[in-house]
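Taken in sequence, the protein lines are chains A and B. In the numbering used here, each residue carries its 1-based index in the first sequence increased by 515. In the numbering used here, each residue carries its 1-based index in the second sequence increased by 515.
Just to be clear, a hint being listed does not mean it is correct.
Which copy is meant is left open, because identical chains are indistinguishable; a pair holds if it fits in one copy or across any two.
As the list claims (entries may be wrong) - Cross-link-like lysine-lysine pairs, in silico, DSS-like; alpha carbons within 25 Å at most:
1) K692 to K544
2) K626 to K544
3) K710 to K666
4) K659 to K710
5) K571 to K692
6) K659 to K580
7) K625 to K599
8) K580 to K666
9) K599 to K624
10) K580 to K624
11) K544 to K666
12) K599 to K626
These are calculated hints, taken from the structure and not from any lab test. It should be emphasised that the depicted structure is a prediction, and the values quoted were computed from it without experimental measurement.
Protein chains: 2
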Amino acid sequence: MRGYPIVISSPSGGGKTTLVHRILADMPKAAYSVSVTTRPPRSGERNGRDYYFVSKAAFERMVRKRELAEWAGVHGHCYGTPRKFLDAKISLGYFPLLDIDVQGALQLKKKYPDGVYIFLIPPTLRELSRRLRERHTDSPEDIKRRLAAAKRELAVAQNYDYVVLNDDLDAAVERVKTILEAERWRAHRAESRLKALR
Amino acid sequence: MRGYPIVISSPSGGGKTTLVHRILADMPKAAYSVSVTTRPPRSGERNGRDYYFVSKAAFERMVRKRELAEWAGVHGHCYGTPRKFLDAKISLGYFPLLDIDVQGALQLKKKYPDGVYIFLIPPTLRELSRRLRERHTDSPEDIKRRLAAAKRELAVAQNYDYVVLNDDLDAAVERVKTILEAERWRAHRAESRLKALR
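Sequences and hints are given; from them, build the entire structure.
Rendered as structure tokens:
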């Protein structure tokens, strides 16, 4: 049985990273897809665990050699997903878990239409703004820019398969786990089971 | 918030009826949609609870007056779903639960595309045949005919949204409940939530 990608997006401050770690801890067959980026590491981030940090030239080479399943520019930096990891995991029956932005996710959906695409939304924009301020990692201008980006992202959220409310982390984790359980029974995944019955 | 139809189909002997009762007991907003039929009542069946038993002429009149949301002929009898009940429940935020055959379900899917369409499958055809024999309600010819119908039905099961294995009743009930939970978060149901955020 082949796996399929599980994609989680949300506006910055949407609570994506914590949720992704919780899903990984509970789902033995999920495998975190580490993105490549040209942005410099933040304090505490480790190369190969949080991101692969590469030069602009190295990133462009990966794009040219078609080594990225999707890539996008976000807030002046480039981010991409190595295709090799994705395809290897899928063919071995694992579920690559991707924490990527909307541009990348919608590119990936065209190439991997059998994946599960989930967009996490905050209860209100005010709450999103509060969470961004509480992180203490962004300047007021950064926060303003992230909120403007959030509004643009929300406008395309309906192109995902699911839009999940993240009003409470535990509840949101349960919602995503329920979705992933239910997805196992989607009709388009039943082909081999139905063939065996005939 | 409007509801939407939840449709459960399976070959005869697929365990649909018991499962439907379990879902109804656990889901306060689900409302069983009683079908209209021209077939005579079996022992223990009650008019208005299990079916509305009507004459062929009365059934034809309902078809002509477009009172049925779907209807189909199965094993020489006609079955249909009153549109009025369906639409009233949906507009009140309830979830009509329909236990109907594949022809009717696929008709309904065109008219109510936002519904949830679930097809239950037995683990094997041998198991299906065993369940039919154990009911002691069908003659050997009936069983043969039902098995042939089951094969035709399995061939279109992929047109449903979900194909759920019913190898164990409790497990199948949990699978359906998980699916219905997950469906609340489908992107196409998030419109008003997303609008409120912008």
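How the hints compare with the structure:
no.: 1; hint: K692 to K544; result: both (13 Å within a copy, 23 Å between copies)
no.: 2; hint: K626 to K544; result: within (21 Å within a copy, 38 Å between copies)
no.: 3; hint: K710 to K666; result: between (45 Å within a copy, 11 Å between copies)
no.: 4; hint: K659 to K710; result: between (54 Å within a copy, 20 Å between copies)
no.: 5; hint: K571 to K692; result: neither (36 Å within a copy, 48 Å between copies)
no.: 6; hint: K659 to K580; result: neither (36 Å within a copy, 59 Å between copies)
no.: 7; hint: K625 to K599; result: within (17 Å within a copy, 40 Å between copies)
no.: 8; hint: K580 to K666; result: neither (33 Å within a copy, 48 Å between copies)
no.: 9; hint: K599 to K624; result: within (17 Å within a copy, 39 Å between copies)
no.: 10; hint: K580 to K624; result: within (21 Å within a copy, 44 Å between copies)
no.: 11; hint: K544 to K666; result: neither (33 Å within a copy, 33 Å between copies)
no.: 12; hint: K599 to K626; result: within (14 Å within a copy, 43 Å between copies)
Violated hints, in rising order: 5, 6, 8, 11; the structure is consistent with all others.
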